[in-house]
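Protein chains in written order, with numbering that gives the first Met the number 0: chain L, 0 to 338; chain G, 0 to 338; chain W, 0 to 338; chain B, 0 to 338.
Everything labelled a hint here was simulated from the structure, so no lab data went into it.
Incorrect hints may appear among the rest.
Pairs count within a copy or across copies, as identical chains cannot be separated in the list.
[Said to hold, decoys possible] Calculated lysine-lysine pairs in the BS3-like style (CA-CA distance at most 30 angstroms, straight line):
1. Lys303 x Lys21
2. Lys5 x Lys303
3. Lys147 x Lys197
4. Lys117 x Lys5
5. Lys74 x Lys303
6. Lys83 x Lys193
7. Lys28 x Lys5
8. Lys303 x Lys69
Residue-level listing of the chains:
4 protein chains.
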Amino acid sequence: MIIVLKPNATTNQVEQLNETLKTYNVEIKRWDGVHSTVIGLLGDTHTVDIEQIGANLAVESVKRVQEPYKLANRKFHPDNTVIKVGDATFGDGSLTIIAGPCSVETEAQIVEVAERVKAAGAKMLRGGAFKPRTSPYSFQGLRADGLKLLLKAKEETGLPIITEIMSSSHIDLFEDVDIIQVGARNMQNFELLKELGKTNKPILLKRGLANTIDETLMSAEYIMAEGNLNVILCERGIRTFETSTRNTLDISAIPMFKMLSHLPVVIDPSHAAGIPQLVEPLSMASIGAGADGLMIEVHNCPSKALSDGAQSLDPDTFDGIASRIIKAHDQGFSYRYNV
Amino acid sequence: MIIVLKPNATTNQVEQLNETLKTYNVEIKRWDGVHSTVIGLLGDTHTVDIEQIGANLAVESVKRVQEPYKLANRKFHPDNTVIKVGDATFGDGSLTIIAGPCSVETEAQIVEVAERVKAAGAKMLRGGAFKPRTSPYSFQGLRADGLKLLLKAKEETGLPIITEIMSSSHIDLFEDVDIIQVGARNMQNFELLKELGKTNKPILLKRGLANTIDETLMSAEYIMAEGNLNVILCERGIRTFETSTRNTLDISAIPMFKMLSHLPVVIDPSHAAGIPQLVEPLSMASIGAGADGLMIEVHNCPSKALSDGAQSLDPDTFDGIASRIIKAHDQGFSYRYNV
Amino acid sequence: MIIVLKPNATTNQVEQLNETLKTYNVEIKRWDGVHSTVIGLLGDTHTVDIEQIGANLAVESVKRVQEPYKLANRKFHPDNTVIKVGDATFGDGSLTIIAGPCSVETEAQIVEVAERVKAAGAKMLRGGAFKPRTSPYSFQGLRADGLKLLLKAKEETGLPIITEIMSSSHIDLFEDVDIIQVGARNMQNFELLKELGKTNKPILLKRGLANTIDETLMSAEYIMAEGNLNVILCERGIRTFETSTRNTLDISAIPMFKMLSHLPVVIDPSHAAGIPQLVEPLSMASIGAGADGLMIEVHNCPSKALSDGAQSLDPDTFDGIASRIIKAHDQGFSYRYNV
Amino acid sequence: MIIVLKPNATTNQVEQLNETLKTYNVEIKRWDGVHSTVIGLLGDTHTVDIEQIGANLAVESVKRVQEPYKLANRKFHPDNTVIKVGDATFGDGSLTIIAGPCSVETEAQIVEVAERVKAAGAKMLRGGAFKPRTSPYSFQGLRADGLKLLLKAKEETGLPIITEIMSSSHIDLFEDVDIIQVGARNMQNFELLKELGKTNKPILLKRGLANTIDETLMSAEYIMAEGNLNVILCERGIRTFETSTRNTLDISAIPMFKMLSHLPVVIDPSHAAGIPQLVEPLSMASIGAGADGLMIEVHNCPSKALSDGAQSLDPDTFDGIASRIIKAHDQGFSYRYNV
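With the sequences and hints as input, model every part of the structure.
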């Protein structure tokens with residue numbers, strides 16, 4: 000951490016800063032220039048509160064040299080983290096497709112979709128039971144009943160399941176869920192992250208609509224700091240000024256996450272674009288950039304879906320897309336991060 | 000709601016759309032042009048799921064004519080909502096200043112700050128007990144103990160208190176809190192909003208970093224739909240490309256919220272800018288634009304603050320700022336929304 | 000175009016609107032609902048000024064059903080536009096790599112880079128002569144002399160050249176340049192676009208940092224409306240809140256441009272990320288999504304480059320990347336837009 | 000400037016960096032820590048090319064301590080720059096209102112508007128002759144003829160005039176214009192800025208839609224570096240994710256520009272919001288925050304305006320707004336920057 004002092008800092012202010020710095024277990028170096036003074040903190044600075052340092056009246060600016068996350072940091076964990084759930088594996092170089100409807104609606108619907116996506120090559124079933132909807136008047140999901148229907152579909156097809164949690168008070172209901180998803184809107188629901196860190200379930204953490212790469216890794220760190228190291232990062236589009244797509248898929252998040260962290264990276268092209276015709280080109284782009292997995296919305300009747308139908312694929316279209324994506328990946332079309 | 004059909008929509012698809020539309024309690028009008036067909040939905044369309052309509056294969060585009068919120072909508076509630084807590088009033092044309100530290104740290108600290116801000120003209124005390132911090136290694140607040148210290152300061156000074164909630168499982172702890180704050184990161188934590196809607200506490204709802212005006216009003220609607228109509232909207236800066244300020248204060252949110260809704264509007268210039276020198280000009284701007292209140296960070300020793308010290312004012316500086324702002328407002332410098 | 004009237008519009012205001020509408024050569028349809036009135040304009044509405052309509056006091060909202068660009072619109076020109084310059088072809092399904100330094104510096108430098116990138120498989124040489132730099136104190140390019148050095152490198156290697164123009168007063172200097180580039184900062188320099196529309200040179204139009212897909216196509220339309228139909232669209236990253244990459248590559252721009260327009264699409268992964276290690280994964284992503292070309296910065300000595308060295312590749316690294324990208328494209332890993 | 004070296008930088012790379020640094024006229028300080036090395040550059044670093052430094056393979060990160068602009072920097076010019084044109088003064092603490100139509104249309108129109116806005120208290124007339132329009136099919140302005148009409152209105156009313164330039168080839172036409180405006184889309188049209196720097200006309204420089212505070216000051220520096228020190232900065236809204244207003248007025252730009260620079264600051268509430276009802280509250284906010292001037296669109300018949308009518312005020316409405324704004328400023332409701 001590099002601290003630049005104000006040219007007119009008083010001895011008193013600098014003294015006070017020194018007191019603060021001594022409370023951290025780091026080595027302190029000082030370099031006096033003609034017009035300015037620079038202080039360097041060496042050692043493990045991830046516990047140093049950069050805002051507190053910046054508040055000192057003597058300080059002109061502070062800058063981290065080291066990333067503020069540790070457990071999620073590839074520097075301290077060079078090998079890829081591999082997460083395995085049934086036949087679905089994330090992080091070992093394979094491509095794992097997760098597919099299913101936005102919302103679980105009926106047993107017939109979820110079982111049919113599960114069978115279709117399994118046949119098409121998906122290794123995991125997605126489906127929303129608790130649904131975060133912008134409007135309180137929109138369908139809010141079948142909630143606990145939806146979880147039961149998902150488990151039914153798992154029983155029928157053998158596909159492991161992933162579904163979103165919206166409150167730490169629901170954790171017990173997720174006991175038989177294979178991967179718990181934290182949605183974009185809850186990426187900085189820190190109380191929820193802490194509770195999930197105490198479970199032993201793999202967590203798929205979606206990047207928030209306006210959260211940086213660094214903040215996403217800090218949210219992963221929240222989960223990991225409580226003991227649960229099984230975190231999968233998911234890019235699903237960020238909010239920008241562009242309105243022709245629902246969000247803007249930040250494809251650079253794949254190489255950035257891969258370089259900075261050892262955690263697997265999954266892309267959700269359905270929510271990123273909100274346009275079914277973009278699912279295939281964005282999926283191809285994602286495997287080209289080295290994604291470990293894809294999460295794609297498939298509904299047996301998109302126009303009757305109770306939520307997000309507009310962006311869902313029907314099973315027939317998904318068949319074609321999945322086969323082309325899997326073939327491309329099998330033939331070696333995937334950037335590999337040899338760190 | 001205006002629905003434009005695709006030029007090549009099949010009779011079958013249109014039939015299916017009609018079925019969907021009939022499930023809503025609205026009047027359906029159809030207008031056949033030469034090249035395209037437009038359907039209008041009349042009546043109360045706030046329960047119509049725009050995404051579901053858009054998913055129909057016959058639909059080219061859908062557009063709301065009416066806002067999707069109802070209880071928060073000024074059209075259905077022309078008079079300003081006025082919320083009164085002790086001597087603090089929001090929405091009646093007065094200017095109410097809320098002040099206090101980012102985090103509650105010790106009894107001495109919070110009582111001293113409370114006394115100082117009261118003397119300076121603040122009508123309400125703020126202070127964080129549960130703190131949402133980007134890093135799990137940063138100070139997380141005194142939590143339940145912090146709430147006790149806030150109540151102590153209330154007892155000493157008579158100032159009503161406001162503090163942030165981070166989980167619905169903590170609601171019981173907030174029984175003696177006067178206004179419960181929902182932070183920007185939890186603005187779309189819908190499970191929390193629903194639970195708060197079941198209480199009778201006034202809620203100060205902060206706009207999320209990347210949430211639109213409309214989404215903020217929809218989150219207010221979540222609380223109101225459960226029966227709690229006492230919602231105060233708070234603009235605290237949005238995330239943009241600009242990096243010289245921490246966030247970008249969206250000053251236009253004041254007139255937009257005032258025109259679209261009847262709820263009071265509070266501005267938080269401290270978090271919006273992250274720079275103490277900006278608190279006064281942004282406060283003056285806010286009253287000029289007609290804000291009902293200001294929420295300002297004051298710490299008795301900013302450089303020793305356990306969080307967000309960099310943006311806090313010391314009590315002496317706050318004295319001057321508060322007196323100038325209050326004087327300007329008293330002299331009539333405030334835009335009035337005569338709807 | 001769909002116009003929704005205000006519920007309280009006066010007869011007079013509606014009359015005035017009708018007068019305005021009659022000045023356009025379109026069919027006017029009117030549909031009176033119980034609470035609101037909708038007017039539809041049918042026919043070729045691309046000359047209708049949507050802002051002028053919106054300014055009428057009777058109008059609640061206006062919405063285009065049809066895109067406001069015509070010559071660039073795939074609806075009116077279903078086949079891909081193919082642009083051929085020497086051995087470089089854009090738009091016929093091939094992958095064309097453009098490579099070279101940010102700035103032309105010396106004859107030795109540009110000739111050496113040209114030879115190296117040609118050997119690696121590039122079909123076109125890029126190099127900046129006129130350089131748009133944020134600071135007036137940074138190197139501004141060799142200007143006219145730089146163009147001469149580029150022509151020298153073309154002579155030596157046979158590679159066609161592309162370089163950026165910054166003012167319409169320089170057009171004569173670009174007579175022997177093969178493709179003229181319009182930089183992101185000049186994407187809405189409409190006077191320049193009009194002048195370029197009067198030449199017969201292919202134009203590579205870079206999307207502005209904060210410009211939408213639609214605005215980019217409207218800028219292409221400016222050039223095309225003057226008679227020059229040879230426009231190549233280039234996505235080079237947009238400005239968002241994310242700071243870990245210089246800009247955010249909007250990979251969805253590829254399918255959006257391809258669906259909305261018939262013009263070729265080139266991606267510039269060097270400027271988009273500003274990080275050399277991201278060039279390969281972003282290039283792979285781009286061909287996966289179906290880009291027609293890539294524009295990559297290569298410098299014989301990045302750390303001595305007079306501009307943008309930080310993001311340039313050295314020729315050895317480029318050799319490896321180019322061979323892997325070309326191989327992947329040859330193997331068919333490229334999304335095809337069969338419109 | 001602070002340069003942090005990579006832990007694994009080779010002697011060779013560091014040597015090369017030292018060579019580069021020696022070419023700048025600055026003092027070089029080096030500080031060797033246990034795990035990392037920091038180099039500081041002291042003295043006048045505004046000519047140091049930060050990108051070139053960052054491209055060196057030895058460099059982990061580079062950071063400016065000093066701003067990269069010099070002539071526009073308040074540190075080197077503590078007093079406010081005051082620009083006076085006729086009765087209009089910018090920067091001396093007065094509030095100067097510029098008003099007029101988006102486009103000049105006819106002599107009758109511009110003279111009538113000029114008379115009305117003068118009577119209402121405006122000190123300067125605005126009006127577009129050369130119009131930057133997104134669509135080539137929209138009205139492009141009367142161009143040279145529009146300038147003549149503006150001069151006619153100046154003759155009739157005595158109001159000085161301001162109008163936008165779109166190409167350096169038009170500079171001669173602007174000889175009798177009092178202030179030349181550079182529009183948001185041309186803020187980084189560096190060739191134009193350089194040419195304007197060679198004139199002796201005051202320049203009103205509009206911030207680009209996606210340009211930072213720092214970039215805006217660098218564009219001012221382009222003009223000033225050529226000898227023309229009469230630059231007025233204008234904030235007119237930036238592009239964000241919010242869609243309820245056309246752009247987002249960055250009110251914090253007022254205090255930031257005022258603290259960092261000595262140049263006058265004008266706000267354009269009409270373009271910032273695109274909504275006539277927001278002009279008054281945003282104007283009040285602007286004077287509260289200490290703006291030196293306001294630029295407001297007024298049209299004698301907004302619904303018949305050939306451009307941007309939707310956001311224009313009619314003269315009667317402007318009368319009321321101007322009188323209230325001027326009164327508020329006269330009463331002292333304006334933040335003063337006592338630097």
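Evaluated hints:
| no. | hint | in the structure |
| --- | --- | --- |
| 1 | Lys303 x Lys21 | between (63 angstroms within a copy, 13 angstroms between copies) |
| 2 | Lys5 x Lys303 | between (63 angstroms within a copy, 18 angstroms between copies) |
| 3 | Lys147 x Lys197 | both (23 angstroms within a copy, 27 angstroms between copies) |
| 4 | Lys117 x Lys5 | neither (62 angstroms within a copy, 33 angstroms between copies) |
| 5 | Lys74 x Lys303 | between (48 angstroms within a copy, 29 angstroms between copies) |
| 6 | Lys83 x Lys193 | within (22 angstroms within a copy, 36 angstroms between copies) |
| 7 | Lys28 x Lys5 | both (17 angstroms within a copy, 17 angstroms between copies) |
| 8 | Lys303 x Lys69 | between (45 angstroms within a copy, 26 angstroms between copies) |
The structure does not agree with numbered hint 4 stated previously, though it agrees with all others.
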